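Chemist: Residue numbers (our numbering), protein chains in the order written: chain A, 1 to 183; chain B, 1 to 298.
One should not assume that every hint holds.
Said to hold, decoys possible - In silico SDA-like links for lysine to any residue, alpha-carbon gap of 20 angstroms or less: (1) LYS107/B / LYS145/A; (2) LYS161/B / ARG40/A; (3) LYS145/A / GLU37/B; (4) LYS165/A / GLU37/B; (5) LYS157/A / GLN98/B; (6) LYS107/B / ARG40/A; (7) LYS165/A / LYS161/B.
To be verified - Restraint ranges, calculated between C-beta atoms of paired labels, are given here: (8) GLN101/B / PRO153/A: 42 to 48 angstroms; (9) ARG143/A / GLN101/B: 34 to 40 angstroms; (10) SER49/A / MET176/B: 28 to 34 angstroms; (11) LYS157/A / LEU242/B: 47 to 53 angstroms; (12) GLU250/B / ASP174/A: 43 to 49 angstroms; (13) GLN150/A / ILE132/B: 25 to 31 angstroms; (14) PRO153/A / MET176/B: 38 to 44 angstroms; (15) CYS44/A / GLU273/B: 30 to 36 angstroms; (16) ASP58/A / ASP187/B: 29 to 35 angstroms; (17) SER49/A / LYS4/B: 26 to 32 angstroms.
These are calculated hints, taken from the structure and not from any lab test. Small disclaimer: the values here were computed from a predicted structure and weren't measured. For glycine and all other residues, C-beta sits at the position ideal for the given N, C-alpha and C.
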Amino acid sequence: MTEVTTKSAQQGKEPIRASEFDPKFKYELQKIHGAENILRCFQCGTCTSDCPIARFSDTYRPRTLIHMAQLGLKDRVLNSDTLWLCAACFTCTDRCPQDVEVAAVIRVFRNLAAEKGCIPQVFKDQAQSLIETGYAYMIPELRIKKRVSQGLPPLPKGNPETIRKVLRGVKFFDRIQQWGDQK
Amino acid sequence: MTNKYLIFLGCAIPYRVASFEISSRKILSKLGVELVEMPEFNCCGLPFDPVSHETMLILAAKNLAMAEQQGLNILTLCPGCAGTLKKVNKILKEDKKQREQINSHLKRVSLEFKGTVEVKHLLQLLREDVGIDKIKESVTRPLTELKVAEHNGCHILRPKKYIGFDDPEDPQTLKMLIEATGATCLDYIGETECCGAPSVGVSDKVALQLAREKLNHVKMVDAQALITICPFCHIMYDTNELRIEKTFNEVYGIPILHYPQLLGLAMGMTPEELAFGELRVNPQKITKQFDIKEQNKP
C-alpha cells in the first residue's frame, strides 16, 4: 500500500490539463442516490479534519475528492487508489454542516470506479464467496461442525442459488459471474 | 412479539467470533429473551456497498423479506448488519420507487419487501426491551473491583439519521450497561473513534495505526479490559493486539471482552461457559478471581 499511496501522491501533483474537466460530472453525481447534495459542499474541511483515516494517510482527503468531483476531474477521482481507504465510520456524514452525506458520496465514487473495473482484491474475494455460499466469507467446514460441540444451533443456510437468481441483472453481479467463468 | 426475536448472525461471527455468539446466547436466555433460529439467511449486504450499492440493497431486502414471512423482528449481534438492515428498512419503507425496483428482483425468488418488521442490535434490545433495571437484578456477583473502558464502534452510532438510538458524540448505552454489572466504566480520549477494521486488506498499515491509537488511549487510563460489542472491532483489537505490539514496539496486555462476557461473569457464569478460552489476548487478569471462586465451589 505504501507503493500505492506514493503513486497516488505523484498523480495528484501532475498539473491539471483543461481537457481533463468533465463539466457534466457533478450533475451526473447529483442524480445518484447518496450524492444528491454534493453541490452543497462549501469546502469547510470538517470531513477531512475529523477523518480518522486522513490522520494516518498522507493522501486520503475526503474534502479534496469532493472538490475534484465538483470541478469535473472525473478520471482523477475514480482512478484514485486512496478512494478505497475510507473505513465508512460515517463521522464525516454526521458532522457535515451542509448535510452532504460525505461517506455516501465516497461510496458513489467507489461504485462508479467499480463499474469501470477498478475493484480491490478483497472485494472480489468476498463476492466470490457470496455467490458460492451466500456468506461474504468462506466459513470453514470445521467451524460449522464445531458449532455442535459449542452448543450452538446450526448455521442458517446461505442458499447461494437464490442469491444468484435475485442478483441477476445487477451490473456488479454480472462481472462476478464473468470472473467465475474465467477461472 | 415482545422479547421474541429472529437472530441474525451475519458472516463475521460464525466465521471468526464464536465467543460473541456463545456469550450472547447465554445472557439472553438468562434475561428471558427468546431467540428463534432462521432456516435461511445470507450476508446482510454491507461488504458489497462499496462496490455495488444495488447489490447491498437487494441482499439486505432479501433478509428483511424472509424475516417478514416469519412475522418476527430481527435481532443482530453485529452492528454492521444492524446498521445495514436498519438503513435499508428505512430507505425502502419511505421510498416507493426504490422499493418497487428492489421488489422486482425479490419477485424472482418469491419474496416481497413489505416493511413490516423492525431491526435491533443487541445493545438496543438490552437497553430498550430488557431494561437496565432488569439487568441490574440479574447480577449476582457485582464486578465492583473491575475498571474497564468501552468501545462502541461506528455502525451502532452513525449515521445518526439511520441508527439514532444513542448520541453518536457522547454515547451512554454501553456505559450504562457496563455500570449495571458493578464495574466502573472509565472515560478516555477518542471513545467514539473507528477501530480501523474496514481498511484492513486495503491498507493494513493505516488500519493498525488506528487500533494502536485506541489501545494507547485505553492504556493511558489504566483500564483492565476493553469492552466491545462488534465482531469486527473485537477482531481488530483482540486478534491484532500482539501484532500491533510487535509492529510498533508497544506493550498492552489489555484483554478485549465482548460485553455479554462481562455481563455473564456478573450473572455468576464461569469464564469457561462464556468462551473466554477463545480470546487471543490472555484474559487471565480478569478471570483469575472468578476461577478461584470456581475452585472453592463445593
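Chemist: If a hint holds in the structure, say so; if it does not, say that too.
Modeler: A quick look at each hint next to the structure:
{"no.": "1", "hint": "LYS107/B / LYS145/A", "in the structure": "violated (33 angstroms)"}
{"no.": "2", "hint": "LYS161/B / ARG40/A", "in the structure": "holds (18 angstroms)"}
{"no.": "3", "hint": "LYS145/A / GLU37/B", "in the structure": "holds (17 angstroms)"}
{"no.": "4", "hint": "LYS165/A / GLU37/B", "in the structure": "violated (24 angstroms)"}
{"no.": "5", "hint": "LYS157/A / GLN98/B", "in the structure": "violated (27 angstroms)"}
{"no.": "6", "hint": "LYS107/B / ARG40/A", "in the structure": "violated (38 angstroms)"}
{"no.": "7", "hint": "LYS165/A / LYS161/B", "in the structure": "violated (32 angstroms)"}
{"no.": "8", "hint": "GLN101/B / PRO153/A: 42 to 48 angstroms", "in the structure": "violated (35 angstroms)"}
{"no.": "9", "hint": "ARG143/A / GLN101/B: 34 to 40 angstroms", "in the structure": "holds (36 angstroms)"}
{"no.": "10", "hint": "SER49/A / MET176/B: 28 to 34 angstroms", "in the structure": "holds (30 angstroms)"}
{"no.": "11", "hint": "LYS157/A / LEU242/B: 47 to 53 angstroms", "in the structure": "violated (35 angstroms)"}
{"no.": "12", "hint": "GLU250/B / ASP174/A: 43 to 49 angstroms", "in the structure": "holds (46 angstroms)"}
{"no.": "13", "hint": "GLN150/A / ILE132/B: 25 to 31 angstroms", "in the structure": "holds (29 angstroms)"}
{"no.": "14", "hint": "PRO153/A / MET176/B: 38 to 44 angstroms", "in the structure": "violated (30 angstroms)"}
{"no.": "15", "hint": "CYS44/A / GLU273/B: 30 to 36 angstroms", "in the structure": "violated (51 angstroms)"}
{"no.": "16", "hint": "ASP58/A / ASP187/B: 29 to 35 angstroms", "in the structure": "holds (31 angstroms)"}
{"no.": "17", "hint": "SER49/A / LYS4/B: 26 to 32 angstroms", "in the structure": "violated (45 angstroms)"}
The structure does not agree with the numbered hints 1, 4, 5, 6, 7, 8, 11, 14, 15, 17 stated previously, though it agrees with the rest.
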